[in-house]
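Residue numbering for the sequence shown follows the UniProt record's numbering, beginning at 1 and increasing consecutively.
Take these hints with a grain of salt, some might be off.
To be verified - Here are the simulated DSS-like cross-link-like pairs (lysine-lysine), alpha carbons at most 30 Å apart as the crow flies: (1) Lys151 x Lys33; (2) Lys153 x Lys124; (3) Lys162 x Lys33; (4) Lys124 x Lys162; (5) Lys153 x Lys36; (6) Lys33 x Lys96; (7) Lys94 x Lys124; (8) Lys96 x Lys36; (9) Lys162 x Lys36; (10) Lys94 x Lys151; (11) Lys153 x Lys33; (12) Lys151 x Lys36; (13) Lys124 x Lys96; (14) Lys36 x Lys94; (15) Lys151 x Lys162.
It is worth saying that the hints were derived from the structure and are not from the lab.
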Amino acid sequence: SAETANIPDIFAQAKLSDAFYHQNVPALTRMFKLLKGQVRAIVATCPNCQNYQILEGHLHHYKILSMGTGANSQGLNSCQLWQSDVTPFPSFGKSKCVHVSVDMFSGAVFASAHAGVNATHTIKHFLLAFSTLGVPEQIKTDYGPAYTSGKLKDFFSQWGVKQTRGIPA
Numbered sequence: 001s002a003e004t005a006n007i008p009d010i011f012a013q014a015k016l017s018d019a020f021y022h023q024n025v026p027a028l029t030r031m032f033k034l035l036k037g038q039v040r041a042i043v044a045t046c047p048n049c050q051n052y053q054i055l056e057g058h059l060h061h062y063k064i065l066s067m068g069t070g071a072n073s074q075g076l077n078s079c080q081l082w083q084s085d086v087t088p089f090p091s092f093g094k095s096k097c098v099h100v101s102v103d104m105f106s107g108a109v110f111a112s113a114h115a116g117v118n119a120t121h122t123i124k125h126f127l128l129a130f131s132t133l134g135v136p137e138q139i140k141t142d143y144g145p146a147y148t149s150g151k152l153k154d155f156f157s158q159w160g161v162k163q164t165r166g167i168p169a
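Given these sequences and hints, build the entire structure.
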């Protein structure tokens, strides 16, 4: 009996291709017929490619902090479990919502300031976080508006990230 080949979807194929060949955005866009935004995200999350690419043509300001792991840390490896939340910070002006993600194993923190908490702002935060810390297996969030949209659910599905909801530790 013949076995059926398990071929990943086009987005997954493009991620695999970039992981091996490290193509640029125009090459991946042509080869896989994806949107430039999707391809930019793939290239931005590749540790080898990010030294040569600027996400969406802009320099983004962010910082990685390493914090000691406390009693609430979980996971056996980095990028296994993150926790994320949004905090209002009105004194930041237009970028008044600070999105924060913490790798629960390493204690690495990624924060970025955005104008709001809708799916578009939340996805931008995660793309920046993925390009800095890597792509996690799972992200734990609360039930806030930043994390309950179908658009965010589709984004996580596309990246192979499992979302769980509850009260952050």
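Subject >> Those earlier numbered hints the structure runs against, lowest number first >> reply: Violated: hint 6 alone.
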